[in-house]
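Peer 1: Protein chains in written order, with this note's numbering: chain G, 665 to 776; chain W, 57 to 175.
Read the hints as simulated data drawn from the structure, not as lab findings.
The C-beta atom is built at its ideal place from N, Cα and C for all residues, glycine as well.
Among the hints, erroneous ones may be present.
Stated by the list, open to error - Derived contacts from chain W toward chain G, CB cut-off under 10 Å, selection only: (1) A58; (2) V60; (3) M116; (4) P117; (5) G169; (6) L175.
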Amino acid sequence: GNSVTQMEGPVTLSEEAFLTINCTYTATGYPSLFWYVQYPGEGLQLLLKATKADDKGSNKGFEATYRKETTSFHLEKGSVQVSDSAVYFCALSDNYGQNFVFGPGTRLSVLP
Amino acid sequence: NAGVMQNPRHLVRRRGQEARLRCSPMKGHSHVYWYRQLPEEGLKFMVYLQKENIIDESGMPKERFSAEFPKEGPSILRIQQVVRGDSAAYFCASSPRPSGGPSGANVLTFGAGSRLTVL
Chain G
665 GNSVTQMEGP VTLSEEAFLT INCTYTATGY PSLFWYVQYP GEGLQLLLKA
715 TKADDKGSNK GFEATYRKET TSFHLEKGSV QVSDSAVYFC ALSDNYGQNF
765 VFGPGTRLSV LP
Chain W
57 NAGVMQNPRH LVRRRGQEAR LRCSPMKGHS HVYWYRQLPE EGLKFMVYLQ
107 KENIIDESGM PKERFSAEFP KEGPSILRIQ QVVRGDSAAY FCASSPRPSG
157 GPSGANVLTF GAGSRLTVL
């Protein structure tokens with residue numbers, strides 16, 4: 665079955681540092697890929713998505729590129745802020761936009 | 057344009073009681089997913105429903121847990137005879153009806169969650 669693997673956290677960075685959170689997936693066909701973010705005490709919010717190979721999703725300074733050759737969708741941000749502290753989930757859905765699978769989440773803490 | 061509405065936000069039950077969690081999907085969304093999140097852990101898929109149908113319940117415990125999404129009204133996740141291990145945040149998400157072929161456009165929209173505490 666489909667699966668998503670993320671780097672284990674927690675990740676602790678200083679403000680303005682560069683962020684990478686690795687995500688790799690196993691899937692048949694042509695999945696769509698997502699990053700969701702969960703702030704403390706809240707539900708998950710969509711951060712960005714990519715629907716086909718070589719697509720780049722971007723939002724709020726975060727980027728991720730759908731790499732089919734390496735089955736990866738790594739999340740990056742050039743300069744993190746304290747307000748980016750949250751848990752980040754990589755996810756995929758199947759060809760037909762169903763059967764969403766989430767990674768275990770990576771907790772990010774950004775220190776001032 | 058309300059998002060996914062879950063209630064109650066917080067629920068406290070004693071062991072052996074029943075918990076009912078409700079989820080109203082976004083307007084125009086006909087598919088509902090329930091996930092459980094234990095403290096400091098990731099999301100665990102429980103069940104996927106559309107109106108009057110359970111599509112996939114492979115993540116539901118075999119006993120005490122049930123879910124429905126009636127033709128009218130919210131989706132309900134029901135936990136009978138709760139135990140301490142049921143204490144968790146339960147998240148509902150909704151999506152539009154998927155297309156018949158490769159779409160990639162479907163996105164899950166999550167509610168704020170219902171936090172169940174079993175004493």
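Peer 1: Each of the hints needs a verdict: does it hold here or not?
Peer 2: Verification of the supplied hints:
no. : hint : result
1   : A58  : 14 Å, violated
2   : V60  : 8 Å, holds
3   : M116 : 15 Å, violated
4   : P117 : 19 Å, violated
5   : G169 : 5 Å, holds
6   : L175 : 21 Å, violated
In summary, the structure is inconsistent with hints 1, 3, 4 and 6 from the numbered list given earlier, while agreeing with the others.
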